[in-house]
Amino acid sequence: MKPSVFAGLFLTFPLLITTATADSAARGETVENSDIEVVLVTGVRIHDQMVLEPSQVAHTGLDNSDLMRMFPGGNRNANGPLTRISQYRGLIGAQNNVLVDGAGYSADCPNWMDTPLSSIPQSLTESVTLYRGLASVKTVQEGLGNGIAVRSRNGGFAAAEDWAAYGNATAGYGSNASAWNASVFSGWHNDRNWLDVAASVDRGDDYGFDGGTVAATEYDRSHYRFGYGGRLGGADLALRAAINRTGNAGTPALPMDMRYLDSEQYAFEFNAPAGPGTLHFSVDTLSVDHVMDNFTLRPVPLNKKGKPTFRESAPLGDTDALQLSYQIERGALDWEFGLDGKWESHDHPVADPTNAEFFIDNFSRIERDRLGVFATATWTASGWDLEAGLRYNRVEMDAGEVGGNLAIPPMSPMFVQQERLDKLAAEFNAADRARSDDQWTGVFKASRDLGENLRLNLGLGRKARSPSYQERYLWLPMSATAGLADGWTYIGDLDLVPETSLEATAGLDWSFGGLRLTPEVFYRDISNFIQGTPSTNMTANQFAMMATGRPPLQYGNVDAEQYGFDMGYEWHLDEYLLLRGTLSYVRGKRTDVKDNLYRIAPLTSVVELMYLREGWFVSLESVAAARQDRVADYNAETESAGWGVLNVRAAVELGDTFDLGLGVENLFDKVYRDHLGGYNRVRESDVPLGARIISMGRNLYLKLNAKW
7 MKPSVFAGLF
17 LTFPLLITTA
27 TADSAARGET
37 VENSDIEVVL
47 VTGVRIHDQM
57 VLEPSQVAHT
67 GLDNSDLMRM
77 FPGGNRNANG
87 PLTRISQYRG
97 LIGAQNNVLV
107 DGAGYSADCP
117 NWMDTPLSSI
127 PQSLTESVTL
137 YRGLASVKTV
147 QEGLGNGIAV
157 RSRNGGFAAA
167 EDWAAYGNAT
177 AGYGSNASAW
187 NASVFSGWHN
197 DRNWLDVAAS
207 VDRGDDYGFD
217 GGTVAATEYD
227 RSHYRFGYGG
237 RLGGADLALR
247 AAINRTGNAG
257 TPALPMDMRY
267 LDSEQYAFEF
277 NAPAGPGTLH
287 FSVDTLSVDH
297 VMDNFTLRPV
307 PLNKKGKPTF
317 RESAPLGDTD
327 ALQLSYQIER
337 GALDWEFGLD
347 GKWESHDHPV
357 ADPTNAEFFI
367 DNFSRIERDR
377 LGVFATATWT
387 ASGWDLEAGL
397 RYNRVEMDAG
407 EVGGNLAIPP
417 MSPMFVQQER
427 LDKLAAEFNA
437 ADRARSDDQW
447 TGVFKASRDL
457 GENLRLNLGL
467 GRKARSPSYQ
477 ERYLWLPMSA
487 TAGLADGWTY
497 IGDLDLVPET
507 SLEATAGLDW
517 SFGGLRLTPE
527 VFYRDISNFI
537 QGTPSTNMTA
547 NQFAMMATGR
557 PPLQYGNVDA
567 EQYGFDMGYE
577 WHLDEYLLLR
587 GTLSYVRGKR
597 TDVKDNLYRI
607 APLTSVVELM
617 YLREGWFVSL
627 ESVAAARQDR
637 VADYNAETES
647 AGWGVLNVRA
657 AVELGDTFDL
667 GLGVENLFDK
677 VYRDHLGGYN
687 RVRESDVPLG
697 ARIISMGRNL
707 YLKLNAKW
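Quick note: the sequence shown uses my numbering, first residue 7, plus one each step.
I should point out that these hints are in silico values taken from the structure, not numbers from a laboratory.
Glycine included, every Cβ here is placed at the ideal spot set by N, Cα and C.
Be careful, since some hints might not be right.
Unchecked claim - The calculated label-pair distances, taken between Cβ atoms and stated as ranges, are:
hint, residue 1, residue 2, range
1, Ile249, Lys311, 41 to 49 Å
2, Val624, Leu308, 43 to 51 Å
3, Arg689, Ser293, 33 to 41 Å
Turn these sequences into a full structure, and let the hints guide you.
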């Protein structure tokens, strides 16, 4: 058996989709001690879970966003080093459900600076799971996208009665941005209890490229986790706490940067046999305190007259969540019935620190509550593994009254802006702001073996998503758009209706000798898709034109479609040489008018060639994207050129305790712009204002791991 380090080191790339037990046995490897396990669930999995082979080292990511490229169809939008948003088959952000240890994270920042994927450091992550294609109605509680489950490091229960210690520590350094990180995870467990604690720190300066530096990309974050689990009779319970302390962190694609973001999340989970089935119950609560501004990490923006416009904001947000389910087996049927809910509140004031009179109630006393019930059934019939699920959600939203003072003297010709603000606020306050939506979601999936090495996966489903509070309640032209980062100001629409989609998927899991392929195609027809449309509100148009020089966009319901193809593959060329990778393509466009959807990932390829020997390995990794010229006209999205970078990674085992990983990312120091990287909003950067942000240049790194 190869040393356990290589079970960990193997995860540098996503590759094959196959059963963990079968694949590990075939190569004589273990994945038990992997640093991060990347799991891909495909089709109907009654007997086996499909996984991507894990690997630990070499990725230097701050969070788990870059792991999205390891999944066929996966990607991420990058607005800053700690502000990465999931994208799966063209759907971003709230369209995808991200859970950490079973608990959701609701971004408090109205521009999603605190994204769910960034809520846990990569150094404290044990596994990341993506439910490919159509996930169950239990997994995707709301949204047209998919489910992503992140698990933090956890020792779990031991096999023996005696207490034993366990742990892991890491330290890393990256030459680009003088970045460094450290983490420690330690605990004690026996067969009835486990207790663990963890802490990490990540710090870095502005990153560079060949020819300059990208301003406002520094970051400073500390993260702490605590967990306890116990067994009471036949029941298992767990208590968890996650505390995040982020200091200055840049977001160059957004109009402000983080000055600090403090979040605390507490969770309780209970699982126990109940009658003929199993009962699951969990609750969690999240509180976020956040301050952002446009002057600490960047030069102060200038208005149309060349005068500085200082702005800062202190959003507050709280989220409570509940999950209750009962699973029971009746003959050939496995049933699961459940109830879940999420209750959010948000406030977002905007201020000018140089003028105490200035204020804007961007969002005030926002409430967004969702309560859902679901039922799923899985069974086998005539050689088919089948799954059916149905969900109903009730979403209720409301907002308080708003207002603002632009601190403009009444005699100034600019005072007309205050009059326009007052009119927009009065119209919003006079409206009935309480809204409620009913959502119905259904999924049917079927899988079967077509031969010894060939499996067919089919899916058909309907999904739904209600408007976000930004899409519904943004009353004044602003760019608080949940990380959209297109540079435009927007206003909301109280009368938006929920998005609904009809989706079909078809895929194969095929293996032949040392070659394995997992191609899948999908088609998604979307009714009432929510995106920016030309504003017909003359007051808002006049306000935005005077402030920014162009009219705002207004969130509206349109019709759209998305379709594409993605695949994972793996080929054992000989005993020591492995070729593996992913290929992903998605096309998104409107169907009511001729236009493309915004910020859709271009054709993307990840390829790795690895040479693996006892005690060490070396790999060449290529990450590439094609030109994206199918861009959105409605917000003047710019095209992007194709690009490709080469990374070299290696690792060596240093005795029984230590592993050393090292490598060079972007080996040839290529200057390129990722289509998902956004536009620069920072003055006096080496990237022109309004131009696509240049990605990181060459980065040499070291990473030392210790385990006990």
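Range agreement (Cβ of Ser293 with Cβ of Arg689, hint 33 to 41 Å): Between Arg689 and Ser293, where Cβ atoms are some 34 Å apart, the hint holds.
Given the range 41 to 49 Å, decide if the beta-carbon distance of Ile249 to Lys311 lies inside it. holds, 44 Å
Is the gap between the beta carbons of Val624 and Leu308 within 43 to 51 Å? holds, 50 Å
The structure is consistent with each of the numbered hints, conforming to all of them.
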